[in-house]
Amino acid sequence: MQKSDFNTSIQTLKKAIRHQWLGQTGMLGLMTALTICAIVFFIQYALQFPLNSLLVYPLLLILAFTSTIFYKWKFRKRFEEELGMLDRRFNLKEQLRTAYEIQQTGKVSFLAEKLIESAGWSLKNINFHQLYPHHYSRSLIAVCLLTSSFFVIPHLPKVRLGLDYPNLSEEIQSKPSQSISLKLENLAETRKIHKSDAVEKNALEERVKQFSENNRRNDFADLKSFKELRLLKKEVKDLKQRNAREFYSQISPDVASEIPSLEEFLEEGFSQEDVKIIEQELERTFQRETPGKALQELSNLLENQKWEEMLNELSGQEQTEGTEKKGLLQETPGSKNGEMDKEGKQYMTERDYDGGEDDFDFMMREDSPHRPGEKPGTGSRKTPSSPRRSENQISKISGPSGTGKRHSVTVQTLTTIGSAEVKEETTIRSYDQDLESTFQKEQIPLHYQQFIKNYFLSIDDRKKNAEQQSR
Amino acid sequence: MTEKKMLNNNQGDKADELREKFELLNMELSKVIVGQKATIRDLFSCILCGGNALIEGVPGLGKTLLVKSFSQVLDLEYSRIQFTPDLMPIDVLGTNLVNEDDQGNRTFKFYQGPIFGQIILADEINRATPKTQSALLEAMQENKVTIFGNEYQLKQPFVVLATQNPIEMEGTYPLPEAQVDRFFYKLLVEFPSTSELRAILEKTTEDYQPELKKILDGPSILRMRSLIKQVPIASHVRNYAINLMMATHPGHENSKEMVKNYIRYGSSPRGLQTLVLAAKLNALLEGRYHVAIDDIRTVAKPALRHRIILSLKGLSESIGIDDVITNILESMPVGD
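Order-wise, the sequence lines are chains A and B.
Read in order, the letters of the first sequence correspond to residues 1 to 471 in the working numbering.
Read in order, the letters of the second sequence correspond to residues 1 to 336 in the working numbering.
Note that these hints are calculated values from the structure, not bench results.
A virtual CB, placed ideally from N, CA and C, is assigned to each residue, including glycine.
Mixed in with the good hints there might be a few duds.
[To be verified] Just some of the chain A residues that point at chain B, by a computed CB distance under 7 Å:
#, residue
1, Met31
2, Lys93
3, Glu94
4, Arg97
5, Thr98
6, Ile102
7, Ser109
8, Leu111
9, Ala112
10, Lys114
11, Gln449
12, Asp461
Just chain A, with the same shape it has in the complex (with noise of 0.2 Å):
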């Protein structure tokens, strides 16, 4: 084995390192090519953003490979890291790679000439074709991109030049008409479905999922309609809200002498059609099917802006009774909305609350006659966080509301009640630090090192004991 020997196993192993490099990096390139593609096409498919398929995905593609190049490149392993890798891996102790500087510096000697003739018996008995597989083969590649261009191609978007707007609004607008599932006759019998259906979902929420599908759909050829697709959307949206509360106040038999007529629609815009068409499908749905949850939602949701109406007024008049603890709002028994507290789950924490914490200002204001937790006219001023409240008090504020209807709050908070102490754990560490601090500074001799040690060591001991001791 001659030294020539050595530098022909080193050229050797250089073109498979090489070799292994470009595999690796087509098909790392090729991977993130695809998975960057996938991403776009789903952001496109799910938000429906409108990209040109034709100029994108190439531009992807050609994006992708650079960076992967690029990355490959920067943090590509030297000629001697890759020596040094085999070396551990044959257990070879340094042996190639010192052999190989050796021979770059070009260091004569009877034991580097040793040294590299050694070595190239070692990189000869090594097989670069299995340590450097190649990760690639043209058929494997070809394989991936037919598939791969078999599986986008027919999901690209498709790019419409043209769109028939009017049409399209629409068909948006008479959706969600249709969609409203109210009846205005027989009140009696709908609360009676209501309550005993559980078959289907809120037909008001399928039908805007239909709709979404629909116009999914559709493509769009710039981001003008796009945007006024949304706008559409939106509106959609508040119709169902504004309906839904008209729904409420159909079925609740409190509010049954205020049942709404449909003129509403007619001011907001709304054509003749569009009301007969909501009052045809109020009727037709109606009979069929109720959604429970949607309507326990939507009474809630009437309910909170009840209650933010009805403590607005209580507020304007400062009129207010009980005191105030435990953090819930509650309706107490024999009010207008009673049924509120038999079912416990409509009570309102204050972080729940519509109105948040500005409805309570009324509570605290300090001309106000009295406040929550006194007594009227007591005089003592207790403010929510006093330490010293007691607990499970509840509290009314009651007072006429509006004209003359009578409301009451209760608020509940919690409390907490104990004095302040600092932990052991806490005076054991400062001592700790103090006692390392002093070592430090302090030039202890050295016989009363291991008596100072001791000693803190002992406190330790017994403290451990006590805790024994104690449990």
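Put chain B on the given structure of chain A with help from the hints.
Just chain B now, kept in the frame of chain A:
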């Protein structure tokens, strides 16, 4: 074909000669010394690398016997200095005495001290005063002594093998850092095992007086020193040794928590030289023509343990220097 077979196919080369000599030396010493294989190997490394050794161990472990036996298997001039508190530098180095010739003329004549040998056994070196200890400094580092302004070169190879007892601290003078740093290795003599004790009894309490053959002479040792320096070392292995040495410094950015907590001063650059030189010899003894990272790790403890100084906290918590070096080595794996 493995590297070892390759070596065997090239009989007669210098690396083989070195390894053969070491094996022969081991065989000869085993007639007198029981066990202590690692100590013998490290002592051999010291002599071949041109360094001095500080041998530490409790009394009765055969430290002096080991050095004496070494002097018998090496064809070198041997002298022994028993260090005592009243030993003076002139007792070590030599001095000028008035000499009167036949004509009655009186002249000063230099009488060489025991330092003018080749293998110097400095027995219980920590019992002498620092003044006497420092008399060895120049000889250990520069292989020469200066007496009354005259320089005297020492014969080559020159090796100081010093012993000290770690437990009897009463009336001793711990070696200053400057002198400790001049020792190539600090060797710790381990207590023998039961089987070794049995063999020691057989050899020392019966009529057994072996004759030791001379294995190596001065010129051979010098030739081998030259060979050791030719062993190739790759840059990354050299960097590993540098990083290892730097990791013993508490102020270094890569030093570990244990070093920062318990070490006051790290190794000197002499420690780095020792690491590489000893690793080269270790590679040759292992049958390799190049230094591996494993060689650096093998010689790290004897090369660095006397060059690292514990902090007050380390002393108070009885931290072992070898534990610190082990911790550093574990934090620096071979693959990095």
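| field | Which numbered hints fail | value | Numbers 1 and 12, in rising order.
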